[in-house]
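Number of protein chains: 4
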Amino acid sequence: MSAVWGNNLKVSIFGESHGNAIGINIDGLPAGFELDMDKILEEMARRAPGRNQLSTARKEADLPEILSGVFQGKTTGAPLCAIIRNGDTRSKDYEKTKDFMRPGHSDFAGNARYLGFNDYRGGGHFSGRITAPLVFAGAICKQILEDRGIVVGAHIASVKDIKDKAFDSINISKEELKELREKELPLLDSKLEDKIKHTIMQAKYDGNSVGGTVECAVVGIKPGVGNPFFDSVESTLSHLIFSVPAVKGIEFGRGFDITTLYGSEANDEFYYDGDVAKTKTNNNGGINGGISNGMPIVFKVAVKPTSSILKEQNTIDIKNKTNVKLQIQGRHDPCIAQRAVPVIEAVTAIGIFDLLKGRE
Amino acid sequence: MSAVWGNNLKVSIFGESHGNAIGINIDGLPAGFELDMDKILEEMARRAPGRNQLSTARKEADLPEILSGVFQGKTTGAPLCAIIRNGDTRSKDYEKTKDFMRPGHSDFAGNARYLGFNDYRGGGHFSGRITAPLVFAGAICKQILEDRGIVVGAHIASVKDIKDKAFDSINISKEELKELREKELPLLDSKLEDKIKHTIMQAKYDGNSVGGTVECAVVGIKPGVGNPFFDSVESTLSHLIFSVPAVKGIEFGRGFDITTLYGSEANDEFYYDGDVAKTKTNNNGGINGGISNGMPIVFKVAVKPTSSILKEQNTIDIKNKTNVKLQIQGRHDPCIAQRAVPVIEAVTAIGIFDLLKGRE
Amino acid sequence: MSAVWGNNLKVSIFGESHGNAIGINIDGLPAGFELDMDKILEEMARRAPGRNQLSTARKEADLPEILSGVFQGKTTGAPLCAIIRNGDTRSKDYEKTKDFMRPGHSDFAGNARYLGFNDYRGGGHFSGRITAPLVFAGAICKQILEDRGIVVGAHIASVKDIKDKAFDSINISKEELKELREKELPLLDSKLEDKIKHTIMQAKYDGNSVGGTVECAVVGIKPGVGNPFFDSVESTLSHLIFSVPAVKGIEFGRGFDITTLYGSEANDEFYYDGDVAKTKTNNNGGINGGISNGMPIVFKVAVKPTSSILKEQNTIDIKNKTNVKLQIQGRHDPCIAQRAVPVIEAVTAIGIFDLLKGRE
Amino acid sequence: MSAVWGNNLKVSIFGESHGNAIGINIDGLPAGFELDMDKILEEMARRAPGRNQLSTARKEADLPEILSGVFQGKTTGAPLCAIIRNGDTRSKDYEKTKDFMRPGHSDFAGNARYLGFNDYRGGGHFSGRITAPLVFAGAICKQILEDRGIVVGAHIASVKDIKDKAFDSINISKEELKELREKELPLLDSKLEDKIKHTIMQAKYDGNSVGGTVECAVVGIKPGVGNPFFDSVESTLSHLIFSVPAVKGIEFGRGFDITTLYGSEANDEFYYDGDVAKTKTNNNGGINGGISNGMPIVFKVAVKPTSSILKEQNTIDIKNKTNVKLQIQGRHDPCIAQRAVPVIEAVTAIGIFDLLKGRE
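Residue numbers (our numbering), protein chains in the order written: chain F, 564 to 923; chain E, 564 to 923; chain H, 564 to 923; chain S, 564 to 923.
There could be a bad hint or two in this list.
Simulated restraints on C-beta separations [what the hints assert, rightly or not]: (1) F:828 with E:678: 55 to 61 angstroms; (2) H:655 with S:733: 33 to 39 angstroms; (3) H:628 with F:655: 22 to 28 angstroms.
Taking lysine to aspartate or glutamate pairs in the DMTMM-like style, the calculated list, with each CA pair at most 25 angstroms apart, reads [what the hints assert, rightly or not]: (4) F:758 with F:709; (5) E:741 with E:757; (6) F:758 with E:820; (7) E:841 with E:731; (8) E:746 with E:731; (9) H:888 with S:880; (10) H:785 with S:880; (11) S:728 with S:739; (12) E:882 with F:628; (13) E:882 with S:597; (14) S:661 with E:597; (15) H:884 with S:832; (16) H:888 with S:828; (17) E:659 with E:820; (18) S:841 with H:745; (19) F:758 with F:742; (20) S:841 with H:875; (21) F:655 with E:832.
So these bits of chain S aren't anywhere near chain E, every CB distance computed over 12 angstroms [as the list claims (entries may be wrong)]: (22) 579; (23) 600; (24) 628; (25) 637; (26) 660; (27) 682; (28) 761; (29) 764; (30) 783; (31) 824; (32) 839; (33) 888; (34) 892.
In case anyone wonders, no lab produced these hints; they're calculated from the structure. All residues carry an ideal CB built from backbone N, CA and C; glycine is no exception.
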């Protein structure tokens, strides 16, 4: 199974790219929380396709309809379900080549998993479109977290080989995280914007795609959130982050780089800044023993290049059991990394909210 | 909570480093499976401390006592619980400095999480020692998986900046994975052994420690295992891998590196090798859309340098709320990466077994 | 939390009586199962209000819209979500007396649970209306179970003090269970129909209500389904049955009556009927040690009288903290037991399907 | 699966009647709670066999050894695992008749479930002996609940056809619940003691057994604990209660009897007693809509006669596939109801603690 996640908050997702609707049922929200619908829609818009030339031309208003769990503008505490109708679908794009397994996609693995009965149109349930309900749920969690002084934010850390500045991991302000949400391309170093756009557009013109990385931070979290072993902060967040299609790696703090250091360099020494315990460095990304230590939680995520490309590719026809050439039609993002930013923020907010709620 | 993991297999761990015993309760094993106890003990021995100069001098026989779930040498299908008594503990080592928060360790975060009531001796429940029961459970899962043609194996991919060869990800044999288990230092390129030992011993003499990476592979798995979204292969494995203390990063297939490629380079093209669908490259690590595609599952894990070092460090005394100097006594591994290898294999086997069992 | 249930099948419900829609997300269905929509609608109709004078005058077509998980008439294996729009609501009925806690209802307990933010209209999320999605999910499970030779059926075992015949628990045919579904009042002894209708209508004219019991059976299940202890057949079914509003008791086999027997009378002796092991009596309701023994699973459920009655009642006004008199307006069933029959069948089917899927 | 239960507290049980040890791992206890070991042992003693002539002659000290989760007398917040060694076992009693399926027992169903690999000695994992660890865990939960003003207690409501007085469900004192724990036979009407003892001993001399009912109450719980639908108080408690071997029925408040009342009689009218909302009657057993309403939670449980009897019975030999006569040797309780009392209290305490912890 796969549709339900959570210990203290339970989210249950559904939907296929070209079905009637996609959505999410959220159980475990506090009662009486006043939702800011404008903010939720802003988050949805950040992820929505068709915003600019950098993303797919498929236009979806992505307007969520709340079916339950909200009364007089406030959460009732009962399950909150929201759905998004699928509008601008071109299912015929997928009919002709439904037996051609698109490289990099779930087609082949999904066909094996579901014995050939999966909805192949637009990737069906595997579609990145299913992240829209996650962004919706994440937007609610973000509001609740911000109400408690915790802010989640992310930026594009790289596109192909162009690297943005990294967060100053011992000193990230809530404001800078919020400001990133306003940007078309959320970069710390805005001077890179043109170069990155050019790289993405160039890939698009070539019928190709590029990948990137996203750096995410959680600021304002108190020490003591998380668990040893199975539900460590890292386990919880990585579980959710790897639920986002196209993600192939995650590292906390210095991540892979920390393995090249000596222990004396890697360890984050504690000190008192007045009454507050802090660390001089944040190589561990705000997490020790699976539990928050009060420093910003920082991690980086690898988002692979969009699998759908116009360029001709070799693959197999599983009906005729032959090797074939495939040229994928349809409208696709030349780079998903930018649209992945709000999704990564969203699932992070969901994870942090769950951990926070589970703290005794 | 944190002690229970699993959908189709449930493992429940317990124990503190200096308590009476550590252990694991395993529910969901098939009935009638004949356990090879020698093999289980071999796996335990691979992780056990005190094997050579490269690891901690603490000597633990690490002999598991099976309390339930096995009758006449075979699993009964009822919960299998095994415990390991704690023997060679030197609790006094920890008494004097119990209020000094060891940098890199869980002390401070754990103290906040458990309101100061956590067992501080040897890291208590946060101790890497709790991975022994995981290795026990993993050893059983490995046997069952091997019975079904699936082999899990891993090697040290790097220690500090010394890099081993990588697996040839489209062509990994079950034999080479099994052979790695016999080696003192499981390396693909045995010529690096001396250099790596030297690096580790040098760090030890300096009262310091070094980190490393581990590359793990699962061979023999059929297409169609795993799930979209929340219980993807990546989500499941990363959840478990980040439950292993000292792990700070994981990447599947080409991982972070894939983000620098074009889609046309990153996509793994399918072809028929006779009747069997394969991919020409394995940049996605055997997983598409969260589900196995039949190629080897390959991933790499970052293991930070041992946090416990002899060198003097700055830190805080949380009782007196002052900044202090700390010199950690006790016996510690100068490099955990080598002992992490069987642990990573073990939790991977647990995760794969759970996913396999959940497949319809 | 409360909205998610299941180990091997996960159902997640949502909705409030007077909100936009109610619904259910079902995860874990097999891929490729062809749904018989007519049969599903028949089950929905059995529960739907407004069918005859015996039930509430509120008319709801209760037509489910399937949003996902079905493609070309067959299940895809991805989550199947269906919603039912709320139509004929008279929210104003509830406005005036929203601070008056209706006796027997969830108003007071729910208000405490959700800090006063619950949707009070028509009971909100506590409404019996939320059982419609459960009947939808149960109808699907029933079809899958029948495909595997297992039939679930129930009858009204009593209304007030009028008792129907009991199932012959060692000999229940699948046909008789299916035939019960066709009846307006599902009774084994049809001669009681008039008497029962009269009792219900009399209560209605008096502005009052009556309760009843429902006897349910599962036929065709093989020995070995279920688990010892926590997920016994009884635990699983009772968990689901007590999720149905108005249920106050459940007993398996002879139930409470078995406590007055001697062990020699209570024990069901085994014998071989050809190759098949059977029991001579079925006092244990087809379950030993929490696991099916191959005999029909039989249990009885107590459904209390409808809490909503026209008669004036004493209660409290929680806003003004005073004792008040309340006369409940609105349209209500004088007896829920009859409409509970398909709901009890539905959740039983859900439970049995989950247990069956979890069997190794 | 079956060994793990809980949402906010997770208990994981293990053990077979004649294996090395039985035990439980408890995750989710608060840190820093000082355990009263004497009280825990008292609870264990209430359930332990061999206390008097009314119970089995098997003598087990039932001394739990705490392996983890307690440090300096207080809970650490980490998983608390305790085991009980199996001592006085007579495994040979079971060898000769291992293929003879004992009527009323799990032998046949369990054999089907575990493909014949289950430990048949003394019922193996199905043994009532596995309730000892549940009593241990319940004893801890009881202490924590009492610290929060909540008391759980139970009495024998009937043995065969001899009925004890019922609790006065609107007025149960914490003291009377605690006093019941001191009694050899926990009855409200002590005058019945001799008659009940006589009935039990008579059954014993006849090589037979008798059943009974247990009435349980939870006093001091605030309104608002529990959930609508799947995790209602009734669902949660019934799930646990039906995990206790030999239980065949449960009813809350008036239970089955409520179905013979009119709604106007069944509804519990609210009134203010000063500031506190109460109900005039407690036919709903303190629960409305699945959630506590502040009145005592009251329910009754049916415990069937002990399945093991000396009298000769008919049954099957599954090895030879023949009908046979069986005379069960070994030492057994002529009535389990009395020993079920502390077990029912224990699982109730576990359930209430879980629900309480999950309340927002």
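Check: Okay, which hints does this one fail, numbers in order?
Finding: Violated hints: 1, 4, 9, 12, 17, 18, 22, 24, 25, 27; rest satisfied.
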